[in-house]
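A.B. asks: Starting from the two chains in their separate frames, assemble the complex, guided by the hints.
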Amino acid sequence: GAVVSQHPSRVICKSGTSVKIECRSLDFQATTMFWYRQFPKQSLMLMATSNEGSKATYEQGVEKDKFLINHASLTLSTLTVTSAHPEDSSFYICSARDTPVPYEQYFGPGTRLTVT
Amino acid sequence: AQSVAQPEDQVNVAEGNPLTVKCTYSVSGNPYLFWYVQYPNRGLQFLLKYITGDNLVKGSYGFEAEFNKSQTSFHLKKPSALVSDSALYFCAVRAGNNRKLIWGLGTSLAVNP
Numbered sequence: 237g238a239v240v241s242q243h244p245s246r247v248i249c250k251s252g253t254s255v256k257i258e259c260r261s262l263d264f265q266a267t268t269m270f271w272y273r274q275f276p277k278q279s280l281m282l283m284a285t286s287n288e289g290s291k292a293t294y295e296q297g298v299e300k301d302k303f304l305i306n307h308a309s310l311t312l313s314t315l316t317v318t319s320a321h322p323e324d325s326s327f328y329i330c331s332a333r334d335t336p337v338p339y340e341q342y343f344g345p346g347t348r349l350t351v352t
Numbered sequence: 570a571q572s573v574a575q576p577e578d579q580v581n582v583a584e585g586n587p588l589t590v591k592c593t594y595s596v597s598g599n600p601y602l603f604w605y606v607q608y609p610n611r612g613l614q615f616l617l618k619y620i621t622g623d624n625l626v627k628g629s630y631g632f633e634a635e636f637n638k639s640q641t642s643f644h645l646k647k648p649s650a651l652v653s654d655s656a657l658y659f660c661a662v663r664a665g666n667n668r669k670l671i672w673g674l675g676t677s678l679a680v681n682p
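Heads up: the sequence lines are chains A and B, in that order. Using our numbering, read the first sequence as starting at 237 and increasing by one per residue. Using our numbering, read the second sequence as starting at 570 and increasing by one per residue.
By construction, these hints were calculated from the structure, which means they are not laboratory data. We put the CB at the ideal spot given by N, CA and C, even for glycine. A couple of the hints might just be wrong.
In silico contact screen, one side only, chain A against chain B (beta carbon under 10 Å); selected entries [what the hints assert, rightly or not]:
no., residue
1, Ala238
2, Arg246
3, Tyr272
4, Ser279
5, Pro345
6, Gly346
Selected chain A positions facing chain B (Cβ under 7 Å, derived; list incomplete) [as the list claims (entries may be wrong)]:
no., residue
7, Glu258
8, Leu280
9, Ile329
10, Phe343
11, Gly344
Excised from the complex, chain B in its bound form (with noise of 0.2 Å):
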């Protein structure tokens, strides 16, 4: 079956720390990969996404992730965290062709200042 791992529920970070928001998967096929960041009582914000290509990828708002084939993970980090950083950040997949994205449970980051 497919899923998603955030091995982490809170992360804390003080200010100006690099940060990392850990995730894993499992899917069978091509994984596309993506990081979504939520602020309290809102939707979702798109921050960055793997579908092929350079293992590195870069987003939204400084954040960037690794896409780690044989690990299967897929970290989000950022060199240097921001106070605004706090939030709740959630890792998805979709393989294939599949229409439906699989949610990890979340990561609650807060940055201290």
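Here chain A stands alone, though its shape is the one from the complex (with noise of 0.2 Å):
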């Protein structure tokens, strides 16, 4: 089956800094990719959708310069939490299709990401 690795799957930095999260999809070419937040015992919260080559199209309360999403291949996006806080401490998974609607997401492990 289609597999996406994402990297790292731990992270701690201070706060101030940025840290960047990467999404690769191993065995097919992902047109579309997908950023999520999880925040525990809670469902998953879609923050973008990017077209490789396109920008990244947010959702409606996530700041875009905050988070920064690069889809500069068919087989990587990267996520960049630019100037960390501690509220942007979360679960962040990766997700990407290769196929238009309406066949299934594949899912990276996710990044536990935690800023101090």
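C.D. replies: Listed below in structure tokens is the structure:
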């Protein structure tokens, strides 16, 4: 089956610094990638959708200058949390899709970000 | 507005017993329905989907789900639960050509030995 990897799996950073999370589709070309945020015992919150080579589309309430998304190739998307604050601590999950709707998305294992 | 409801925060079942995790939805247009499972500190794994055709869909790990259009439901079932099935289960729906999945809040399944 399709595999999506994320790196790092866990990161701790100091308040005010930036951190980059990578999402890769290992055995398929991801025309669309999604970034989600998940709080403890809660559902997934879609942050943004990106198509390869295009600017990401951010969901309402998500600061695009804070959460920079780059989808430069069909196998790689990055999420950069800029000037991180403790409230940015969360579980970030990327997802990728290789075909148009309505087919399923494939999820990465997630990245646990802790901002101290 | 499109929505997905998982009415139970938690489901407890004894190992070997059948399990059901409920999901109802509200969308305009034809729904595309999905079930995902999440183990602790892990991403989501796809279990099964309903796009069209037979209302009973079989998926991974012995799970199945039945699409019921009149009741707008897509309950997840398994005839005989395993302790290893204990996890968080999410139902999701996409309507028509909308690119976004709408997620339920999740149901925590605990299978007791």
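A.B. asks: Compare the structure with each hint and give your call.
C.D. replies: Status of the hints after comparison with the structure:
Contact between alanine 238/A and chain B, as hinted, is supported at the beta carbon level, the nearest pair being about 9 Å apart and thus within 10 Å. Interface restraint check for arginine 246/A: the shortest CB-CB distance to chain B comes to about 9 Å, inside 10 Å, so the restraint holds. Because the smallest distance between the Cβ of tyrosine 272/A and any Cβ of chain B comes to about 9 Å, under 10 Å, the interface hint for this residue holds. Contact between serine 279/A and chain B, as hinted, is supported at the beta carbon level, the nearest pair being about 5 Å apart and thus within 10 Å.
Interface hint at proline 345/A: satisfied, since its Cβ lies 4 Å from the closest Cβ of chain B, which is below the 10 Å cut-off. The restraint placing glycine 346/A at the interface with chain B holds, with a minimum CB-CB distance near 5 Å, inside the 10 Å limit. Against a cut-off of 7 Å between C-beta atoms, the interface hint on glutamate 258/A is violated, since the closest Cβ of chain B lies about 14 Å away. The beta carbon of leucine 280/A comes within 5 Å of a beta carbon in chain B, closer than 7 Å, and the hint placing it at the interface holds.
At about 5 Å, the closest approach between the beta carbon of isoleucine 329/A and any beta carbon in chain B falls short of 7 Å, and the interface hint on this residue holds. Satisfaction of the interface hint for phenylalanine 343/A is found here, the shortest Cβ-Cβ separation to chain B being roughly 4 Å, below the 7 Å cut-off. About 5 Å separates the beta-carbon of glycine 344/A from the nearest beta-carbon of chain B, less than 7 Å, and the hint is met.
In summary, the one numbered hint that this structure violates is 7.
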